[in-house]
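S.K.: Residue numbers (my numbering), protein chains in the order written: chain G, 5 to 183; chain A, 354 to 663.
If you're looking for bench data, these hints aren't it; they were derived computationally from the structure.
Do not take every clue at face value.
No more than 30 Å apart at the CA atoms, straight line, and that leaves these computed lysine-lysine pairs for DSSO-like [said to hold, decoys possible]:
hint : chain 1 : residue 1 : chain 2 : residue 2
1    : G       : Lys28     : G       : Lys94
2    : A       : Lys565    : G       : Lys28
3    : G       : Lys176    : G       : Lys165
4    : G       : Lys94     : A       : Lys435
5    : A       : Lys499    : A       : Lys480
6    : A       : Lys633    : A       : Lys404
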Amino acid sequence: MARFGMVIDTVRCVGCMDCVVACKTENNVPEGFNRDWIAYDVSGSYPTPHMEIRSERCNHCDNPPCVSCCPTGASHVHDVGGVVLVDHDKCIGCKGCIAACPYGARFIHPDGYADKCTFCIHRVEQGQDPACVAVCPTHCMHFGDLDDPNSEVSQLLASRKHHVLMPDAGTKPRIFYLT
Amino acid sequence: MQELTITRHNELIDPLLHIWSWQIPVYLFLGGLVAGIMIISGYFVLQGRYKNTTFSTFYLPHIALVLLSFGMFALFLDLEHKLYFWRLFMTFQISAPMSWGSWLLMIVFPALWVNTLIRIPEPFQGKIPLFDRWSAALNEHPNVIKNIGILNMLLGTLLGMYTGVLLSSFGARPLWNSAMLWMLFLVSGLSAAAAFVHLITTDDYERELLAKADNAFLTLELFVFGGFISGLLTNSRVHHEAVRLLLDGPYAPVFWVLVIGLGIVVPLVVQVLAVNHKVKHTPVAPILVLLGGLTLRFVIVYAGQFSHWT
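Make the full structure from the sequences, and use the hints.
M.R.: Dropping the structure here:
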């Protein structure tokens with residue numbers, strides 16, 4: 005079984021927010037909410053400051069705390085690619101998954117259920133890339149099977165320095181940032 | 354220097370998590386209070402007090418049923434997808450404490466109810482003949498009555514533990530990542546229940562006994578607080594920062610003054626004087642204990658949401 009993940013080149017990302025707009029359009033994300041967003045991480049000090057621009061979203065963790073805490077099974081790991089999804093008809097809106105996510109990736113949809121990035125599974129199942137990856141003008145985003153050593157994402161991870169967000173939280177994220 | 358700016362502004366999530374309002378602390382407090390009442394009521398059943406008084410085996414479980422119903426209603430009000438609440442009872446998710454809690458509550462209600470049948474007070478006898486018949490049948494089997502007491506004590510302990518386990522299972526909130534949290538909420542629930550019974554009982558023996566018990570619970574609670582705080586202080590950076598929210602951060606005034614000072618230390622001093630017959634028993638100490646227990650849940654729930662990984 006495939007294990008989908010994303011590799012994002014922070015050297016190429018310019019923070020244009022095309023990925024954010026594409027996601028909102030593709031997934032009809034309600035006004036005032038975001039499934040993905042841009043983070044500007046500035047560190048260091050003059051004369052050698054460093055800025056990393058990241059396109060962030062649900063990390064579709066290998067060890068997803070949002071799934072293990074869900075009392076109804078609404079949050080689940082999908083058969084295709086191990087993508088973490090929410091079954092809207094099972095979600096009671098208890099917000100436990102939101103408390104469990106260290107990345108703040110989930111929110112309550114105005115219709116009452118927990119919502120978040122799906123890796124555009126409806127597109128992926130038809131052989132397309134997620135909308136954010138497809139529109140990126142700098143081609144800084146890459147999507148694929150992390151378990152396939154010949155996939156583009158695996159090759160990039162094998163050849164470039166990278167990191168994940170909050171590794172100490174123990175969630176084993178599947179979004180990797182090239183540095 | 355490190356500065357993080359994000360373009361996300363999701364409601365209830367940003368700038369800091371605030372998904373749970375008054376409903377969850379009230380639910381956790383009432384759950385803890387009912388847990389304590391079940392343990393106390395079960396203990397009195399084992400002691401055979403139902404032969405002399407109907408308060409602890411009839412009125413107290415009835416009050417607990419009402420309090421627990423209020424608590425569950427508060428929980429219902431918190432749900433964002435309210436009409437789907439029944440989904441909780443269509444499955445059992447072994448890794449989800451909330452699923453365990455939902456099913457536990459389904460067992461707690463009948464356990465409390467069967468406790469009320471042990472001895473029905475005279476004014477209520479004959480109102481529902483079926484209950485009178487069941488009560489008479491129960492009284493023919495003293496061993497069954499003892500087991501009802503044990504069941505209430507056991508379920509009360511599990512319920513009191515659950516309220517803490519629920520929060521500590523959320524690894525993303527460092528303040529709640531303590532193995533002491535279930536103990537803190539259980540002891541606090543016992544203390545609140547002892548104060549509650551002390552406040553409303555008309556039986557002098559029960560009032561005196563529960564004032565003494567509450568002194569023990571309050572003292573134990575201070576030790577558990579010590580373990581909770583020192584455990585987080587000696588943990589990783591994020592846990593250290595989380596507990597500082599209570600010690601000298603934005604929640605410190607409420608924590609030190611209302612939870613520790615007025616919620617534990619002052620009533621403990623007053624009740625120690627009362628049980629040593631230096632001052633009379635008054636409602637002041639138990640009311641402070643109850644308010645302190647409620648404030649504790651508010652502080653832990655709010656500060657816990659404030660705490661986060663970086």
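S.K.: Keeping to a limit of 30 Å between CA atoms, is the pair of Lys176 of chain G and Lys165 of chain G held or broken?
M.R.: holds, 17 Å
S.K.: Starting from Lys28 of chain G, check that the Cα of Lys94 of chain G is at most 30 Å away, please.
M.R.: Roughly 23 Å separates the two Cα atoms, so the pair holds.
S.K.: Does the alpha-carbon distance linking Lys565 of chain A and Lys28 of chain G stay inside the 30 Å limit?
M.R.: Violated, at roughly 61 Å.
S.K.: Given the proposed pairing of Lys499 of chain A with Lys480 of chain A, does the C-alpha separation stay at or below 30 Å?
M.R.: Roughly 25 Å separates the two Cα atoms, so the pair holds.
S.K.: Is Lys633 of chain A within 30 Å of Lys404 of chain A, Cα to Cα?
M.R.: Distance ~29 Å between Lys633 of chain A and Lys404 of chain A Cα, so the pair holds.
S.K.: Take a quick look at whether Lys94 of chain G and Lys435 of chain A sit within 30 Å of each other, Cα to Cα.
M.R.: holds, 11 Å
In the structure shown, a violation is registered for the earlier hint numbered 2 alone.
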